[in-house]
Amino acid sequence: MHKLESFVRLANASLAYGVEDKEVLAIDDVSMTIREGEFIALVGPSGCGKSSLLKLVSGLHPALRGEVIVDGRQVTSPISICGMAFQNSTLLPWRSALDNVLLPLEIVEPYASSFRRRKGEYVERARGLLRSVGLAGFEDKYPWELSGGMQQRASLCRALIHEPRILLLDEPFGALDAFTREDLWAVLQSLWIEKRPTVILVTHDLREAAYLADTIYVSSPRPGRIVSRTEVEFARPRTLETTYAPEFIAKVHGLRERIAH
Amino acid sequence: MKPPPTFARPLPAKERTDRPRRAPLVSAPLVRRITPWLVTASFFILWEIVCVVFHVDTFILPKPSQIVVSLFQHYPAITANALQTLYTTLVGFALAVAVGLFLGMLVGAMPPVYNGIYPVMVGLNAIPKVAIVPILVIWFGIGTVPAIITAFVISFFPIMVNVATGLATIEPEMRDVLRSLGARRWQILRKVGIPRAMPYFFASLKVAVTLAFIGSIVAETVASDRGIGYLMIAASARFDITLVFAGLLVVALMGIAMYEVFAYVERRVTFWATRGNEMLT
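Line order of the protein sequences matches chains A and B. Read in order, the letters of the first sequence correspond to residues 1 to 261 in the working numbering. Read in order, the letters of the second sequence correspond to residues 1001 to 1281 in the working numbering.
The reader is advised that the hints may include incorrect statements.
To be verified - Straight-line Cα separation of at most 35 Å, DSBU-like style, residue types lysine-lysine; simulated pairs:
1. A:K195 with A:K3
2. A:K119 with A:K3
3. A:K3 with A:K22
4. A:K119 with B:K1191
5. A:K119 with A:K22
6. A:K195 with B:K1063
7. B:K1063 with A:K141
8. A:K195 with A:K141
To be clear, the hints were calculated from the coordinates, so they are not data collected in a lab.
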């Protein structure tokens, strides 16, 4: 399939919360262009509107000014071609891991209308995905029976099951310990290499950004503006070894200096 | 008193195994099971002892043994009236479940409705139910109907509030996950709202069913010719205090039985909510 050079485009986009005179500007005049299949990371101090950018792209929150264009169409309401994962796994506690992963297929077309008929096939797909993130044998466990890292793995599967063209990740590994987090970097990278969705990853872990992303955007404190754009050229697949290379450390150091805190 | 069964949750497995082990005399589950019986038995034994030691007049406080005797003596009358009370309670409670569930969903899913309806509901709930029984008697006459309506009025409120709370407190992120998939409002309600409100709903049933008993009996004591409430009023008019206490005992037993039924249903249906500390109520 032909990859779009400008799959996600923000043009002077701003976003504000609250009503008329008590508006709080979260994002101010952001412009960026993301290629189809590109993995970008957005880093910055906390409260700089990073999560708001995801709301903008997903259509969960409308832009105050400017334009948000995804796949050639202006975003005005939630777009169903995206998958999301958050810092909390937000798995539904009354559903098993497998049923949680199946949830998007019960809602997103064209799967939803054929869900009953093709359930067997979908269950196989969900099992395959869970296996690929190392959750084979945990399909029937409930979320509260899984560790934090396992929950995030399941949450990634849920975000990917309907083969979204955009994956929006809001600090998905923020609540995990360092070792689990590094494991999941590798898991996410291999999922991305296999399926090649466009990914927007919000994080404040600079190593995470440099490990995973093709391009890193640094945001200013609130209201968020993009203050720098850095390409990351390290060869894929990257490994933990990559993160100890001097170039990698220099890259992370360079990013750190651009973050006003 | 027994430990409140809903809110006593098992510790997460990890914490449990980490605790240092000591060989107990009696296994913990057995202790859990027999403690309520022991406490209840001690209560009645203490009562009996107090009555005997202080020579308490039967007219003031009958001994439990006398109450049990009275219970057997008046067995047919008590059974008939207890069934009447059970009937009005359950009919009123069933109405309360239907209306409470419906209003709770309406109110919980639509904040403007919540906003509009809430003061009226709180006001209605604040009215002492005994005060409305005379009005109900004027409308429907003495007997079964006022008891059913009082049971309904008193018990639908906690159901409505709990269901509304369950729906209104959905984590915004859960909602976002579904909205970002393009889910419609009713899909969010069906996939997240309703399942999430179920623990709140079942928790409220236990409370509501005991309240429904109170409603029925209040109505029966004020204006009825049937039911345990009527039986107690009639007995106290004859100064048969022992029979009054027998009636109270029967009411308490029915209350416990109904509570346990719904506690059991709750454990079965919403097992996922009784795991950690995530439930708010």
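(request) Assess, step by step, whether the Cα of K119 (chain A) is no farther than 35 Å from the Cα of K3 (chain A), and give holds or violated. (result) 31 Å, holds
(message) Hint check: K195 (chain A) vs K3 (chain A), CA-CA at most 35 Å. Holds or violated?
(response) With Cα atoms ~13 Å apart, K195 (chain A) and K3 (chain A) stay inside 35 Å; holds.
(message) Would the hint linking K1063 (chain B) and K141 (chain A) be met if the CA-CA limit is 35 Å?
(response) Answer violated: K1063 (chain B) to K141 (chain A) is near 54 Å, above 35 Å.
(message) Please verify whether K195 (chain A) and K141 (chain A) have alpha carbons no more than 35 Å apart.
(response) 26 Å, holds
(message) Does K1063 (chain B) sit within 35 Å of K195 (chain A), going by the straight-line distance between their CA atoms?
(response) Violated, because 78 Å separates the two Cα atoms, which is more than 35 Å.
(message) Hint check: K119 (chain A) vs K1191 (chain B), CA-CA at most 35 Å. Holds or violated?
(response) 17 Å, holds
(request) Please work out if K119 (chain A) and K22 (chain A) have their alpha carbons no farther apart than 35 Å. (result) 48 Å, violated
(message) Between the alpha carbons of K3 (chain A) and K22 (chain A), is the straight-line distance 35 Å or under?
(response) 42 Å, violated
The earlier numbered hints that this structure contradicts are 3, 5, 6 and 7.
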